[in-house]
Amino acid sequence: MDKSDAANQNAKSMSIIITKGTLDWAYPPMILSTTAAAMGLNVTMFFTFYGLQLLKKKLDLSITPLGNSAMEMPMAGMHMQMPNMLAMLPGATAGATAMMKNMLKKKGVASIEELREIAVESDVRLIGCQMTMDLFELKRDDLLDDIEIGGAATYIETATKSDINLFI
Amino acid sequence: MDKSDAANQNAKSMSIIITKGTLDWAYPPMILSTTAAAMGLNVTMFFTFYGLQLLKKKLDLSITPLGNSAMEMPMAGMHMQMPNMLAMLPGATAGATAMMKNMLKKKGVASIEELREIAVESDVRLIGCQMTMDLFELKRDDLLDDIEIGGAATYIETATKSDINLFI
Amino acid sequence: MDKSDAANQNAKSMSIIITKGTLDWAYPPMILSTTAAAMGLNVTMFFTFYGLQLLKKKLDLSITPLGNSAMEMPMAGMHMQMPNMLAMLPGATAGATAMMKNMLKKKGVASIEELREIAVESDVRLIGCQMTMDLFELKRDDLLDDIEIGGAATYIETATKSDINLFI
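Chains as they are written, first to last, in this note's numbering: chain E, 233 to 400; chain F, 233 to 400; chain C, 233 to 400.
In isolation and in its complexed conformation, chain E is listed as follows (with noise of 0.2 Å):
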C-alpha cells in the first residue's frame, strides 16, 4: 500500500509544485507542506526543475544576493541590502549563504534537511520529476529513497483533487 492509498479519504489536501533549488526559496514549500501535514491534510510535493536538487541525499543549497533586491539581512541591529556591486564580487554567494544560515540557525529555524526528514516521517508524498531527471542527468541513485518518481500527468491527477495547489 503506497502513501496516497494509505491517505485519508476525508481529509483536505494540497499539491505544491517545487521548481527552484536555491537555500532561500527551499524555505517556503518545506515549512508550508511539514505545517499542513502537522494539521492533518495530505500532502503532495512534486519535485521538478531546478527544485529537484532538493531530493538530492546530499544537499548543497546556496543563495544568490545577485538580482534579489528585496533581500534584506538583519547584521548587528543594521538591516542592510546588499548593492549588486558588492554582491558581484568573488564570495559573495558563498557569504550571502553562510550570513543566512547563520541567521537561520541563530533564530532557531530548522534546516532544509531537517525540514524534509519532517516531511518523510509525517508522510508527505515526495514525488522527483523523471522529465528532469533525465534532462539534467541526475540519476535515481543520487536522490532519496524514500520517494516516488513520477511525470507531470502524475501531478495533474493529484492536484486536479486537491483542495489547494501551489506553484512555487
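Honestly, the hints are just simulated from the structure, not real lab data. Check before you lean on any hint, since a few could be wrong.
Chain copies aren't distinguished; within one or between two, either way the pair holds.
Said to hold, decoys possible - Lysine-lysine pairs mimicking DSS-like chemistry, simulated, CA-CA at most 27 Å apart:
| hint | residue 1 | residue 2 |
| --- | --- | --- |
| 1 | LYS371 | LYS252 |
| 2 | LYS290 | LYS371 |
| 3 | LYS289 | LYS371 |
| 4 | LYS288 | LYS338 |
| 5 | LYS337 | LYS288 |
| 6 | LYS339 | LYS371 |
| 7 | LYS371 | LYS288 |
| 8 | LYS338 | LYS371 |
| 9 | LYS288 | LYS339 |
| 10 | LYS393 | LYS337 |
| 11 | LYS339 | LYS289 |
| 12 | LYS337 | LYS371 |
| 13 | LYS252 | LYS337 |
| 14 | LYS338 | LYS252 |
Given the coordinates of chain E, work out where chains F and C should sit on it, guided by the hints.
For chains F and C alone, coordinates are given in the frame of chain E:
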C-alpha cells in the same frame, strides 16, 4: 467582529501568498487582489518572506535589472533589454527603478502604496507572517496598523476554504 | 462559438497565470498545459507581465545565468554551476541560452514554439493581458492571431471555476 467574520459567506474567495518584495513583483498580487475584491470575492493576502516588505509603513521598493532577461522597457519608442554588463554598473538598480516608476506614472498605473490602500479599504484581509518578522527582526510597529499577524497555519486554514489559491 | 463555449462542461479544468518570459521559465507552463490538455482538462493560460513575451509572433527568448544559483547544466558528464563572476562576462547570457537550447535539443525536448503550437491545436485558451500590452507598448499585431485579449477580471472569472490554479 473581524474581517473574516464579516466576509460574505456565499461569495467566491481567493487567497494569495506574497513572497516577493521588489517593485515589479509587488504589482501582480496587488492588481489581482484589488480586482477580485471589486468583483465581490473575499480576498486574503498572506505576506511572508521577502514579501513582508510590502506591509512596511514606509515602502522603499526597487527593481533590479540583473538576472531578469525578460525585462523590457519601452524607451522613446524602442524596446530595449538591458544586458547584464550594463545592469552591473553602479546605479543601474536605481536607474531601472526610476525608469519603471516613470513608465507606470506615464501610463496612469496606480502606485503600490495606492493599491495597498485600496486593498485595505476593500476589506481585503492582510496578514503578516510572524515567523518572517522574527527572522528579519521586523517590529509590529514597522508594519501597517490595519493588518493581522499570523503564521503558516493561519494561511493554510484559510486556503483550504478558498476557490483560488496562488503563490506569488 | 469560442473556446470557452466549446469546452467540455464535465471535464476538470486548470488555469495558469504566466508572468515570466525567459527561456527556462517558459517550459513549466507550456509542459503543464499541454499535458493537462492531452489528459482532457479544459486549460486556460493567462499571459501577463514579463510572460506576455511568450505570445509574441516572433519569439526571442533567452536565459540568464545571473542570480540563478541553482542552475546546473550537465556538460561532458560533469555537473557545473556557473559562478556569478563568470556569469557576468560579456556573452554569458547568450552562452547559457545556447547551452540550454543544445541540451534541450539533444534530449529531444520540444521547443517553446512547438509546445505553443501544440497548446493552440489542443484548444487551450490563450489570453493576453491588455494592461501589460499597454504598459510595454505591445501592439495586437505583435502577438499571435489565435488568442484572446483580456484583463485581470477575465482571469479571475475563469479561475473561480477551475480545479487547478497556478501562478508561474
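Structure-based check of all given hints:
| no. | hint | in the structure |
| --- | --- | --- |
| 1 | LYS371 / LYS252 | within (19 Å within a copy, 29 Å between copies) |
| 2 | LYS290 / LYS371 | within (13 Å within a copy, 37 Å between copies) |
| 3 | LYS289 / LYS371 | within (11 Å within a copy, 38 Å between copies) |
| 4 | LYS288 / LYS338 | both (26 Å within a copy, 24 Å between copies) |
| 5 | LYS337 / LYS288 | both (22 Å within a copy, 25 Å between copies) |
| 6 | LYS339 / LYS371 | between (35 Å within a copy, 15 Å between copies) |
| 7 | LYS371 / LYS288 | within (10 Å within a copy, 37 Å between copies) |
| 8 | LYS338 / LYS371 | between (35 Å within a copy, 18 Å between copies) |
| 9 | LYS288 / LYS339 | both (26 Å within a copy, 21 Å between copies) |
| 10 | LYS393 / LYS337 | neither (37 Å within a copy, 34 Å between copies) |
| 11 | LYS339 / LYS289 | both (26 Å within a copy, 24 Å between copies) |
| 12 | LYS337 / LYS371 | between (32 Å within a copy, 20 Å between copies) |
| 13 | LYS252 / LYS337 | both (22 Å within a copy, 23 Å between copies) |
| 14 | LYS338 / LYS252 | both (25 Å within a copy, 23 Å between copies) |
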